[in-house]
Amino acid sequence: MLISSLNMKLMKNRTIFYLMSFMLISNLIGGQELLDILEKEQKDTLMFTEATFKYSRITFGQSVQTRKNGTLDVKMSNRFWNTPAERSQSFFVDRINTRFALEYGLSDRLLIGAGLSTFDERFDGFLKYKLLKQGLKGNGSPVTISLFQNLSYFDDMLPYSSPGTMASSRFSFTSQILIAKKITSDFSLQVSPTFIHRGLVFNENDPQNHFSIGFAGRYKLGGHVSFVSEYYYVANPIESFDTYGPFSIGINWEVSDTMLQFMLTNAVSMVEDAFITQTRNNFNFKNPNLNVGFNFVYTFHLKNRLKR
Amino acid sequence: MYKFIFVIIIAFLSGQRTSEKIIARQGNVSFFSYTPVENIKAENNQVLSIVDLENNKIAVSILMNAFVFEKALMREHFNESYIESDIYPKATFAGEIIGFDPNIEGIQTKMVKGNFSMHGSDKELEIKVKIEKQNCVFTISGSFEAEVEDYDIKIPPLLRGNIAKIINVDFKFEYEAYEE
Numbered sequence: 001m002l003i004s005s006l007n008m009k010l011m012k013n014r015t016i017f018y019l020m021s022f023m024l025i026s027n028l029i030g031g032q033e034l035l036d037i038l039e040k041e042q043k044d045t046l047m048f049t050e051a052t053f054k055y056s057r058i059t060f061g062q063s064v065q066t067r068k069n070g071t072l073d074v075k076m077s078n079r080f081w082n083t084p085a086e087r088s089q090s091f092f093v094d095r096i097n098t099r100f101a102l103e104y105g106l107s108d109r110l111l112i113g114a115g116l117s118t119f120d121e122r123f124d125g126f127l128k129y130k131l132l133k134q135g136l137k138g139n140g141s142p143v144t145i146s147l148f149q150n151l152s153y154f155d156d157m158l159p160y161s162s163p164g165t166m167a168s169s170r171f172s173f174t175s176q177i178l179i180a181k182k183i184t185s186d187f188s189l190q191v192s193p194t195f196i197h198r199g200l201v202f203n204e205n206d207p208q209n210h211f212s213i214g215f216a217g218r219y220k221l222g223g224h225v226s227f228v229s230e231y232y233y234v235a236n237p238i239e240s241f242d243t244y245g246p247f248s249i250g251i252n253w254e255v256s257d258t259m260l261q262f263m264l265t266n267a268v269s270m271v272e273d274a275f276i277t278q279t280r281n282n283f284n285f286k287n288p289n290l291n292v293g294f295n296f297v298y299t300f301h302l303k304n305r306l307k308r
Numbered sequence: 001m002y003k004f005i006f007v008i009i010i011a012f013l014s015g016q017r018t019s020e021k022i023i024a025r026q027g028n029v030s031f032f033s034y035t036p037v038e039n040i041k042a043e044n045n046q047v048l049s050i051v052d053l054e055n056n057k058i059a060v061s062i063l064m065n066a067f068v069f070e071k072a073l074m075r076e077h078f079n080e081s082y083i084e085s086d087i088y089p090k091a092t093f094a095g096e097i098i099g100f101d102p103n104i105e106g107i108q109t110k111m112v113k114g115n116f117s118m119h120g121s122d123k124e125l126e127i128k129v130k131i132e133k134q135n136c137v138f139t140i141s142g143s144f145e146a147e148v149e150d151y152d153i154k155i156p157p158l159l160r161g162n163i164a165k166i167i168n169v170d171f172k173f174e175y176e177a178y179e180e
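Residue numbers (my numbering), protein chains in the order written: chain R, 1 to 308; chain F, 1 to 180.
The set of hints was computed from the structure by calculation and includes no laboratory data.
Values in this document were obtained by computation on a predicted structure and should not be read as measured data.
Errors might be hidden in some of the hints.
Stated by the list, open to error - Here are the simulated distance ranges between beta carbons:
(1) Glu147(F) to Tyr298(R): 30 to 38 Å
(2) Arg160(F) to Phe48(R): 27 to 35 Å
(3) Ile177(R) to Leu125(F): 23 to 31 Å
(4) Asn39(F) to Tyr129(R): 29 to 37 Å
(5) Gln42(R) to Thr139(F): 19 to 27 Å
(6) Asn39(F) to Gly222(R): 20 to 28 Å
(7) Leu260(R) to Ile107(F): 50 to 58 Å
(8) Leu260(R) to Ile166(F): 47 to 55 Å
(9) Arg160(F) to Thr118(R): 36 to 44 Å
(10) Leu147(R) to Glu105(F): 56 to 64 Å
To be verified - So the derived list for chain F, only partly shown, Cβ under 7 Å to chain R, looks like this:
(11) Leu48
(12) Ala59
(13) Ala72
(14) Leu73
(15) Gly99
(16) Asp150
(17) Asp152
(18) Arg160
A virtual CB, placed ideally from N, CA and C, is assigned to each residue, including glycine.
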């Protein structure tokens, strides 16, 4: 009798002990439990990757990026190079090509822009539309896809006998499908199948339509600096003179509203149809092959997103 | 023996009881950085917060890329270069409202103590909050200051003048009953 009552008392104490310890544990893990509930609440919102590339151009070529609605980019791109002459009396460098451009984000997906180049006298205008956004953490689309269409007008003086005397034949068109993947937060790759229709063809053997494919990558060296490189391969190049695929290595540096892009390249032009099909020198460090490029972009925000 | 069964039943009931929780799904968190060079302001209206009225525990989860800035580029820089929201998508807070009595109608001012985690860094915070109860609707609001240095956020020397060392953070959550 005594033993049994003692046993019971012990069991009761044990139950109370379990009860107490259960309450204590539930009290301790309470915070984490609440965060887990919030985690469940948040799950159904699909998120997209941002900034696969830092700017709408990588070095000379287009990136998959468009700009946000109400963003105006004022842009000056320069290419500097020297002629092979041993002695020259030019100040600073022998040749400069500058392209002035304005680019405006009509919506978060649609970018419109126009520019003019000084050296090769081309006017160009383009539209770029972001079709598909890459999802985060394997959800949604695995890649970002943008469509690009440009139109350029070659305005340089030509000899009287050349076929380019008619204005309509001076227009060239470039269409691109830009496909990019942000593989890690630092590393992105892009493949860009390209179709080019050239307006002016000076030799009968030269094709008027070109197929090309571009490859580009960027690696983030820090929060504000990234290393970039680009190359375009042309499947059916111009026959009447030698051309080479444009190549570049460069650094993108972003300081607040300013974007600075430095590069070494063999491409003189900054208009798609010209630099993809008509880059006349291969990439090396001799004059006039080596171009030092410098793009300066200042971004104005014409829309305050906090005002509703 | 009856006592024993009674204790078992009590223990069972206390373990099973559904705790009363309230949740805020569209909580507001905004922060400000004032410097002579530029003022930066950002708002997030999709912050989640939950309070367990049984034990006064509170948790907050802030999605970093849901902050809206005046300029689109500021948002990109915030996510890409400073807070690195690819790697650290959320800031969370888990803590306790000390001495909080959910039965009191009207306004009460209490301290909240807990752990704030952002950009991979943890910090113990004590924040004074205003809790308002009107017709069973709870509102919690308050503000605190966060030092950029505490959260391992790197600012390049060139931009050090643009971002304040101490960021003011305001928050306001309106709660509704939570059903599991």
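Comparing the hints with the structure gives:
1. Glu147(F) to Tyr298(R): 30 to 38 Å: The hint (30 to 38 Å, Cβ to Cβ) holds, given that Glu147(F) and Tyr298(R) are roughly 32 Å apart.
2. Arg160(F) to Phe48(R): 27 to 35 Å: Holds - the Cβ-Cβ distance for Arg160(F) and Phe48(R), about 31 Å, lies within 27 to 35 Å.
3. Ile177(R) to Leu125(F): 23 to 31 Å: 49 Å, violated
4. Asn39(F) to Tyr129(R): 29 to 37 Å: 34 Å, holds
5. Gln42(R) to Thr139(F): 19 to 27 Å: 22 Å, holds
6. Asn39(F) to Gly222(R): 20 to 28 Å: 25 Å, holds
7. Leu260(R) to Ile107(F): 50 to 58 Å: About 53 Å separates the Cβ atoms of Leu260(R) and Ile107(F), which means 50 to 58 Å holds.
8. Leu260(R) to Ile166(F): 47 to 55 Å: 30 Å, violated
9. Arg160(F) to Thr118(R): 36 to 44 Å: 38 Å, holds
10. Leu147(R) to Glu105(F): 56 to 64 Å: 59 Å, holds
11. Leu48: 5 Å, holds
12. Ala59: Given a least distance of 4 Å, the restraint on Ala59(F) holds.
13. Ala72: With a minimum Cβ separation of about 3 Å from chain R (threshold 7 Å), the hint on Ala72(F) holds.
14. Leu73: At about 6 Å, which falls below the 7 Å cut-off, the nearest Cβ of chain R leaves the hint on Leu73(F) intact, so it holds.
15. Gly99: Interface hint status for Gly99(F): violated (16 Å vs cutoff 7 Å).
16. Asp150: 18 Å, violated
17. Asp152: Cβ of Asp152(F) sits 12 Å from chain R, so the hint is violated.
18. Arg160: Check failed: Cβ of Arg160(F) comes no nearer than 12 Å to chain R, outside 7 Å.
Checked against the numbered hints given earlier, the structure breaks hints 3, 8, 15, 16, 17 and 18 and satisfies all the rest.
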